[in-house]
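J.: For reference, the chains in residue letters:
There are 2 protein chains.
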Amino acid sequence: MPEHQTAAILSIGDELTLGQKLDTNSQWLSRRLMDLGVQPVEHATVDDDLERISGAITRLCEVVDLVIVTGGLGPTSDDLTRAAVARALGVDLVEDPRALRMIEAWYRSRGRDMPPANRVQAFRPASARFLVNRNGTAPGLSAMATGATIICLPGPPSEMRPMFERWQSRRLRPPTDRIVRTRVLQTFGAGESNIAGMLGSLMDRDRDPLIGTTASTGVVSIRIRSEKASSTQQADKDIDREIAHLRDILGPLIYSESDTPLPEAILQRLISTGQSLATVESCTGGLLGQMLTAVSGASDAYAGGWVTYSNAMKQTQVGVDPQIIERFGAVSRECAEQLASGGLLRSEADHCLSITGIAGPGGGSEAKPVGTVWIGLASADASPDVRRFLFKGSRDQIRLWAANTAMGMLRQRLDGIEGELLGEAGR
Amino acid sequence: MPEHQTAAILSIGDELTLGQKLDTNSQWLSRRLMDLGVQPVEHATVDDDLERISGAITRLCEVVDLVIVTGGLGPTSDDLTRAAVARALGVDLVEDPRALRMIEAWYRSRGRDMPPANRVQAFRPASARFLVNRNGTAPGLSAMATGATIICLPGPPSEMRPMFERWQSRRLRPPTDRIVRTRVLQTFGAGESNIAGMLGSLMDRDRDPLIGTTASTGVVSIRIRSEKASSTQQADKDIDREIAHLRDILGPLIYSESDTPLPEAILQRLISTGQSLATVESCTGGLLGQMLTAVSGASDAYAGGWVTYSNAMKQTQVGVDPQIIERFGAVSRECAEQLASGGLLRSEADHCLSITGIAGPGGGSEAKPVGTVWIGLASADASPDVRRFLFKGSRDQIRLWAANTAMGMLRQRLDGIEGELLGEAGR
Numbered sequence: 021m022p023e024h025q026t027a028a029i030l031s032i033g034d035e036l037t038l039g040q041k042l043d044t045n046s047q048w049l050s051r052r053l054m055d056l057g058v059q060p061v062e063h064a065t066v067d068d069d070l071e072r073i074s075g076a077i078t079r080l081c082e083v084v085d086l087v088i089v090t091g092g093l094g095p096t097s098d099d100l101t102r103a104a105v106a107r108a109l110g111v112d113l114v115e116d117p118r119a120l121r122m123i124e125a126w127y128r129s130r131g132r133d134m135p136p137a138n139r140v141q142a143f144r145p146a147s148a149r150f151l152v153n154r155n156g157t158a159p160g161l162s163a164m165a166t167g168a169t170i171i172c173l174p175g176p177p178s179e180m181r182p183m184f185e186r187w188q189s190r191r192l193r194p195p196t197d198r199i200v201r202t203r204v205l206q207t208f209g210a211g212e213s214n215i216a217g218m219l220g221s222l223m224d225r226d227r228d229p230l231i232g233t234t235a236s237t238g239v240v241s242i243r244i245r246s247e248k249a250s251s252t253q254q255a256d257k258d259i260d261r262e263i264a265h266l267r268d269i270l271g272p273l274i275y276s277e278s279d280t281p282l283p284e285a286i287l288q289r290l291i292s293t294g295q296s297l298a299t300v301e302s303c304t305g306g307l308l309g310q311m312l313t314a315v316s317g318a319s320d321a322y323a324g325g326w327v328t329y330s331n332a333m334k335q336t337q338v339g340v341d342p343q344i345i346e347r348f349g350a351v352s353r354e355c356a357e358q359l360a361s362g363g364l365l366r367s368e369a370d371h372c373l374s375i376t377g378i379a380g381p382g383g384g385s386e387a388k389p390v391g392t393v394w395i396g397l398a399s400a401d402a403s404p405d406v407r408r409f410l411f412k413g414s415r416d417q418i419r420l421w422a423a424n425t426a427m428g429m430l431r432q433r434l435d436g437i438e439g440e441l442l443g444e445a446g447r
Numbered sequence: 021m022p023e024h025q026t027a028a029i030l031s032i033g034d035e036l037t038l039g040q041k042l043d044t045n046s047q048w049l050s051r052r053l054m055d056l057g058v059q060p061v062e063h064a065t066v067d068d069d070l071e072r073i074s075g076a077i078t079r080l081c082e083v084v085d086l087v088i089v090t091g092g093l094g095p096t097s098d099d100l101t102r103a104a105v106a107r108a109l110g111v112d113l114v115e116d117p118r119a120l121r122m123i124e125a126w127y128r129s130r131g132r133d134m135p136p137a138n139r140v141q142a143f144r145p146a147s148a149r150f151l152v153n154r155n156g157t158a159p160g161l162s163a164m165a166t167g168a169t170i171i172c173l174p175g176p177p178s179e180m181r182p183m184f185e186r187w188q189s190r191r192l193r194p195p196t197d198r199i200v201r202t203r204v205l206q207t208f209g210a211g212e213s214n215i216a217g218m219l220g221s222l223m224d225r226d227r228d229p230l231i232g233t234t235a236s237t238g239v240v241s242i243r244i245r246s247e248k249a250s251s252t253q254q255a256d257k258d259i260d261r262e263i264a265h266l267r268d269i270l271g272p273l274i275y276s277e278s279d280t281p282l283p284e285a286i287l288q289r290l291i292s293t294g295q296s297l298a299t300v301e302s303c304t305g306g307l308l309g310q311m312l313t314a315v316s317g318a319s320d321a322y323a324g325g326w327v328t329y330s331n332a333m334k335q336t337q338v339g340v341d342p343q344i345i346e347r348f349g350a351v352s353r354e355c356a357e358q359l360a361s362g363g364l365l366r367s368e369a370d371h372c373l374s375i376t377g378i379a380g381p382g383g384g385s386e387a388k389p390v391g392t393v394w395i396g397l398a399s400a401d402a403s404p405d406v407r408r409f410l411f412k413g414s415r416d417q418i419r420l421w422a423a424n425t426a427m428g429m430l431r432q433r434l435d436g437i438e439g440e441l442l443g444e445a446g447r
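So the protein lines, in turn, are chains D and W. The numbering used here numbers the first residue of the first sequence as 21 and each following residue consecutively. The numbering used here numbers the first residue of the second sequence as 21 and each following residue consecutively.
Be aware that one or more of the hints could be misleading.
No copy labels: a pair is met if it fits in one copy or bridges any two.
Stated by the list, open to error - Dumping the calculated BS3-like pairs for lysine-lysine here, alpha-carbon to alpha-carbon at most 27 angstroms:
1) Lys412 - Lys388
2) Lys248 - Lys388
3) Lys41 - Lys248
4) Lys248 - Lys412
5) Lys257 - Lys412
6) Lys412 - Lys41
7) Lys388 - Lys257
8) Lys41 - Lys388
Please keep in mind that the hints were generated in silico from the structure rather than gathered at the bench.
Generate the whole structure from the sequences, applying the supplied hints.
T.: Listed below in C-alpha cells is the structure:
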C-alpha cells in the first residue's frame with residue numbers, strides 16, 4: 021500500500037461556491053493532517069455539479085496520495101458525491117444492505133421510520149466501502165483510485181470530525197521515513213507580534229523544530245514541530261528542549277503546555293482546588309457561560325450566573341444600585357464591580373466574573389467608544405479586580421475578546437500572577 | 021471582449037493549505053460576484069509552490085471566464101504569484117516604474133525609505149497591468165489569458181476588498197444575456213429529507229429556477245436560483261412563483277422569506293410587537309442568550325436571564341421548588357415549567373424560555389438518556405408550553421439543537437402556529 025505523503029481536500033456544495041456558507045472543514049482537516057505527518061497541498065471547492073465534482077476528484081487523484089471529499093452525501097437530489105465518485109472510478113452505484121440497515125436503525129432509535137428519500141444514502145460506488153456515521157444519517161465512503169485513496173465525509177463538522185478520526189486511526193498511512201511530532205503551548209496576555217518579538221530567531225523558518233504562532237482573539241498558540249529528527253525519541257527530546265526555552269522566555273504568559281482551550285484550563289484549576297465560579301454577563305449575553313459549559317464536567321466548578329442584558333435585570337437580579345447606573349452608566353468600573361460582587365454574594369461561589377461593555381456596531385460615544393469593556397472579578401478571599409479594555413473588531417470579535425479576557429483575568433488570579441492583559445487586545 | 025459568466029477564486033499560501041489560517045476571502049468574493057451576476061463555480065487553494073500556482077491558473081483559465089487570485093503578492097521569497105502568472109502567460113517579469121514609484125511613495129508617506137526587499141513588488145508579467153493598492157504595498161495585477169481574465173489581489177481583506185470593488189466597477193463584464201438571481205427561505209420544524217419529500221420533483225436538478233436545501237441543526241434553508249430567465253423581471257417573477265409554491269407546500273414551517281437567521285427572526289417579531297423575552301438556561305449554559313445577543317439591537321426585546329447550571333441556582337435565583345427537583349429531577353417537565361414561569365415572574369418579560377437537559381457525554385440514564393431536553397415557554401398571556409425532545413449527536417450539537425428548538429417553539433407561539441417540532445430533531 022502506498023504511503024499518504026500528500027493530501028488534497030475537496031469541499032462540495034453550491035452553498036460554498038456561492039459564498040452562502042464559510043468552509044471551515046478544510047482548515048480543520050489540514051491541521052489534523054499536519055499533526056499526523058501528512059502534507060496537505062491543495063484545497064478545492066466545487067458546486068453541486070456532477071461533472072465538476074468527478075472531474076475534480078479525477079484530477080486530484082493524479083496529484084496527491086489522499087483525496088478527502090466533504091459534503092454532498094445528504095439525501096436530496098443535489099447531493100452528488102456518491103455518483104461523482106462512482107463516475108471518477110468508472111463503476112456503478114450499488115445499494116449497501118449494511119448501510120441501509122444502519123440508516124434504518126438510526127431512525128428507529130428516534131422512534132421513526134426512515135423517510136423513503138434517505139434510502140439513496142445507502143448507495144455506494146461498487147468498489148468503495150462505507151464509513152460508519154454515528155452522528156447522522158449519511159454514511160461516508162472510502163475507495164482506492166489509481167494512485168490515491170479517496171475518502172468522502174459528510175459536511176457537518178460534528179459528523180465529519182469523528183468520522184475522520186476513526187478512519188485515520190485505522191487506515192491513514194503517514195510516511196514512515198519522515199517523523200513528524202508536534203506540540204502546542206497556549207498563551208494569553210500578549211499579542212502575536214509581541215510574542216514573535218520575544219522569540220526572535222527561534223521562529224526562523226529553517227530551524228528544526230520549527231516554531232510557529234497562530235492567534236485567535238487573545239489566545240496565541242505556539243506550535244513546535246519537529247520534522248527532521250531521526251527517531252521519535254530524538255524528536256520528543258528536541259521539542260522538550262524548545263519548550264524549556266519557551267518557558268524561560270514567555271513564563272507566566274503560558275497557561276497550558278498542551279492543546280487545552282482557555283475555558284477548560286480555568287475549569288481544571290477550579291475543580292482541582294475545589295473552588296466554584298459564577299458569571300454576570302451584559303454585552304456578552306451568555307457567551308462566557310456558553311464557553312465554560314461547552315466543557316463536559318463544567319458543573320463541578322461552574323454554578324451558573326446571570327445575563328443582565330437590561331438595566332432592570334442588573335438592578336433587580338444582581339442588586340446594582342440604580343444610582344450607579346444613573347451616574348456612571350452601565351458600562352463603568354462601578355457597575356462592573358457591583359455586578360461581580362452582587363453575583364458573588366447571590367451565587368455563594370468563590371469567584372464571580374462580570375462583563376459590561378459596548379459590543380457595537382451602535383451605542384458608542386466619544387467617551388465610551390464601541391469596544392469599551394469593563395471586566396470585574398470578585399473573589400471570596402481577595403479584593404475585587406476591575407479593568408477596562410478597548411477591543412477592536414466586529415461585534416462578534418469584541419464579545420469573544422471580552423469573554424477570553426475575563427477568563428485570562430481569573431487565570432492570573434488562580435495562578436497567583438500579577439500582570440497586564442493588554443498585548444494586542446483588540447488587534 | 022468576452023463576458024464574465026463564470027468565475028473561479030484561487031487562494032495562495034502555505035498558511036491556508038496547512039490550516040494555520042482560515043480563508044474568508046473566497047466566501048466574500050463569491051458573495052460579491054453573485055450580487056454582480058457572475059457565477060463562481062470553483063474555489064481553489066494551493067501552497068506557495070510556483071508550479072502548483074501556475075498550473076492552477078492555467079487550468080482555471082480553461083474552465084471559467086474570470087480567475088481571481090488572492091495572496092502571494094508580498095515581498096518575501098515565498099510570494100510567488102507574480103512569477104506564476106508570468107509563467108502561465110508565457111511572458112517575462114518586468115519592472116513597472118509607476119508601480120515602483122507608488123510603493124516608494126507609500127513608504128515615504130509613513131516617513132520611511134522603501135526596504136530593498138519590497139522592490140520585487142513592482143515587477144509584473146510583461147503583458148499584465150498593475151492595480152493600485154491604496155491600503156498596502158502590494159500592487160495587484162490584471163491580465164488577459166486565452167479565454168479568461170486573470171486578476172491578482174493581495175491576501176489581507178482590508179487591501180483585497182477595496183481593490184476588487186475598484187476593479188469590478190470598471191472592468192467586470194457580467195453576462196448581459198444570462199441573469200442569475202437567488203433567494204433563500206428559512207424553515208424550522210422539519211428535517212431536510214422530510215422537506216425534500218414534500219417538495220418532490222420541485223427539487224429536480226434540471227429545473228429553472230433550481231431549488232436546493234441545506235440543513236444546520238434544525239434550520240433547513242431553501243435556495244431558489246434562477247439562471248435561465250430572459251430578464252431580471254422574468255427571473256424575479258419565476259422566483260416569486262416558486263416561492264408561492266413553496267409557501268403552499270411548507271406553510272408554517274417557513275419562518276423567513278429571506279436569509280434571516282432564527283434569532284434575528286424571533287427578535288424582529290418581538291420588537292415589532294413591543295414584546296420582551298427572558299431566558300433560563302441549564303444545559304445550554306448561556307448559548308441561547310449568546311445567540312440572541314449576537315444580533316445587534318437585541319436589547320430592544322431581550323431582557324436577559326439566568327444560567328441556572330447548579331440546582332442551587334435553580335432554586336435560589338428562579339424559585340424552583342426543591343421538592344420538584346428531588347421528586348422529578350432537574351431534567352423534568354415540572355422543573356422546565358417552574359424555570360420558565362419563575363423567569364417570567366422575576367424578569368417581568370412577556371415570554372420566558374427555559375431549557376434543562378442532559379447534553380452529555382456523561383450524565384445519561386436509561387430513563388433519561390443523553391440528549392433528553394425539556395424546553396419550557398411561559399408567556400404572560402398564555403398557558404405554559406413544555407415539551408420533551410431527544411436530540412442526538414455531540415454535546416455541542418445537542419446544545420445547539422436545544423437552543424434552536426427553543427426559538428422554534430417561541431416562533432410558533434408568536435406566529436400563532438400549532439404543530440410538532442420534530443423533523444429530524446437530533447439529525
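J.: Are the hints correct? Go through all of them and say.
T.: Okay, the hints, checked on the actual structure:
When the C-alpha separation of lysine 412 and lysine 388 is checked against a cutoff of 27 angstroms, the pair qualifies only within one copy, where the shortest distance is 13 angstroms, while the shortest distance between copies is 44 angstroms. For the identical chains of this complex, lysine 248 and lysine 388 are neighbours neither inside a copy (52 angstroms) nor across copies (52 angstroms), given an alpha-carbon limit of 27 angstroms. Only between protomers do lysine 41 and lysine 248 lie at most 27 angstroms apart by alpha-carbon distance; the minimum there is 24 angstroms, versus 38 angstroms within a single protomer. For the identical chains of this complex, lysine 248 and lysine 412 are neighbours neither inside a copy (40 angstroms) nor across copies (44 angstroms), given an alpha-carbon limit of 27 angstroms.
For the identical chains of this complex, lysine 257 and lysine 412 are neighbours neither inside a copy (40 angstroms) nor across copies (43 angstroms), given an alpha-carbon limit of 27 angstroms. In this assembly of identical chains, the alpha carbons of lysine 412 and lysine 41 lie at most 27 angstroms apart whether taken from the same copy (25 angstroms) or from different copies (20 angstroms). Proximity of lysine 388 and lysine 257 under a CA criterion of 27 angstroms is satisfied in neither setting, with 50 angstroms inside one chain copy and 48 angstroms between copies. Taking CA atoms no more than 27 angstroms apart as the test, lysine 41 paired with lysine 388 passes in neither setting, with 34 angstroms inside one copy and 32 angstroms between copies.
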